[in-house]
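Participant: Residue numbers (my numbering), protein chains in the order written: chain A, 1 to 114; chain B, 115 to 226.
Just so you know, these hints were derived from the structure itself, not from any lab.
Quick caveat: nothing in here was measured; it's all calculated off a predicted structure.
The beta carbon of each residue, even a glycine, is placed where N, CA and C say it ideally should be.
Heads up, a few of these hints could be off.
[Said to hold, decoys possible] Derived EDC-like pairs (lysine to aspartate or glutamate); straight-line CA-CA distance at most 20 Å: (1) A:K14 / A:D26; (2) A:K9 / A:D38; (3) B:K213 / A:D26; (4) B:K223 / B:D192; (5) B:K213 / A:E95; (6) A:K71 / A:D56; (7) B:K156 / A:E79; (8) B:K213 / B:D169; (9) A:K9 / A:E95; (10) B:K213 / A:E59; (11) B:K213 / A:E79; (12) B:K213 / B:E119; (13) A:K14 / A:E79; (14) B:K213 / B:D197; (15) A:K57 / A:E79; (16) A:K71 / A:D38; (17) B:K181 / B:E129; (18) B:K156 / B:E117; (19) A:K9 / A:E73; (20) B:K116 / A:D38; (21) B:K156 / A:D56; (22) B:K181 / B:D169; (23) B:K223 / B:E117; (24) A:K71 / A:E95; (25) B:K170 / B:E159; (26) B:K116 / A:E59; (27) A:K9 / B:D192; (28) B:K156 / B:D192; (29) A:K57 / B:E117; (30) A:K57 / A:E73.
[Unchecked claim] To give an idea of the interface, some chain B residues facing chain A are shown, with a C-beta separation under 10 Å as derived from the structure: (31) F148; (32) Y185; (33) L189; (34) P195; (35) D197; (36) S198.
[Claimed, not checked] Listing some non-contacts, in silico: residues in chain B with all C-beta distances to chain A over 12 Å: (37) E117; (38) P128; (39) N136; (40) R142.
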Amino acid sequence: NAGVTQTPKFQVLKTGQSMTLQCAQDMNHNSMYWYRQDPGMGLRLIYYSASEGTTDKGEVPNGYNVSRLNKREFSLRLESAAPSQTSVYFCASSEALGVGQPQHFGDGTRLSIL
Amino acid sequence: QKEVEQNSGPLSVPEGAIASLNCTYSDRGSQSFFWYRQYSGKSPELIMFIYSNGDKEDGRFTAQLNKASQYVSLLIRDSQPSDSATYLCAVNMGSGAYKYIFGTGTRLKVLA
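Sequences and hints are given; from them, build the entire structure.
Facilitator: Given below as structure tokens:
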């Protein structure tokens, strides 16, 4: 049982390049999330998907887009990467959106924008 | 005021002692509270969660919640060097749109 799988684990991009971070979960969870983690800032929610077919903005959505491809997969796209997007990105999932739902995290993608 | 606040630490405790980690939150409508452990370079992993006022125990871990004071804590008994990590408090705020806010974490060092 892999849980939440993220690819790639590491990536270096040049400013202006685009890329998609992939996330898949095998726990049959309905809700999925994308976070970024920066030193001193903690984890900040970029986008979330309450269920298949829906996505909503989180705290820091600018510069990102997401796609909930199916129940298992939730991707994050950077259309034109900027150095400010250098961060560690975590995907997470939970059974549902709502009170009392713990989140399960993938191993993260370490992204550097030069 | 940050929505979820934690002392960044490091909090240093000797092996075998009780480590006490604290978290305060701003939204009185918050309904559930989570503690995650994050080792350096790794992803957060859930330790435990609590909804009701009082204490909840799971092995060496005890979560304490006081909604009147907007305060949640995590006690680690018989601390081990392997407990050295950053502990993240997360709050699922119940009012308005979905909000699941993490604190910036407290770094714990257990000294052998």
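Participant: Does A:E95 lie within 20 Å of A:K9 when you go C-alpha to C-alpha?
Facilitator: violated (24 Å)
Participant: Taking the minimum C-beta separation from B:P128 to chain A, is that value above 12 Å?
Facilitator: Since the minimum Cβ distance to chain A is about 28 Å, B:P128 lies beyond 12 Å and the statement holds.
Participant: Verify the interface restraint on B:L189: the C-beta must sit less than 10 Å from at least one C-beta of chain A.
Facilitator: violated (19 Å)
Participant: Verify the proposed pairing of B:K181 with B:D169, using a straight-line Cα cut of 20 Å.
Facilitator: holds (12 Å)
Participant: Quick one, are A:K9 and A:D38 close enough, alpha carbons at most 20 Å?
Facilitator: holds (16 Å)
Participant: For B:K213 and B:E119, compute the direct alpha-carbon distance and say whether it is at most 20 Å.
Facilitator: holds (15 Å)
Participant: When you look at the beta carbon of B:E117, is every beta carbon of chain A farther off than 12 Å?
Facilitator: The claim is violated: B:E117 sits with its nearest Cβ about 10 Å from chain A, within 12 Å.
Participant: Compare the distance between the alpha carbons of A:K14 and A:D26 with 20 Å, and conclude whether the hinted pair is satisfied.
Facilitator: violated (32 Å)
Participant: Measure nothing beyond the straight line between the CA atoms of A:K9 and A:E73; if it is 20 Å or shorter, mark the hint as holding.
Facilitator: holds (16 Å)
Participant: May I ask you to test the interface hint for B:F148 with respect to chain A, counting a Cβ-Cβ separation under 10 Å as satisfied?
Facilitator: Check passed: Cβ of B:F148 comes within 6 Å of chain A, closer than 10 Å.
Participant: Is the hinted pair B:K170 and B:E159 satisfied, with a Cα-Cα distance of at most 20 Å?
Facilitator: holds (18 Å)
Participant: Does the structure keep B:K213 and A:E79 at a Cα separation of 20 Å or less?
Facilitator: Given that 20 Å is the threshold and the Cα spacing comes to 26 Å, the pair is violated.
The structure fails to meet hints 1, 3, 7, 8, 9, 11, 14, 16, 17, 18, 21, 23, 27, 28, 32, 33, 34, 35, 36 and 37 from the earlier list, while all remaining hints are met.
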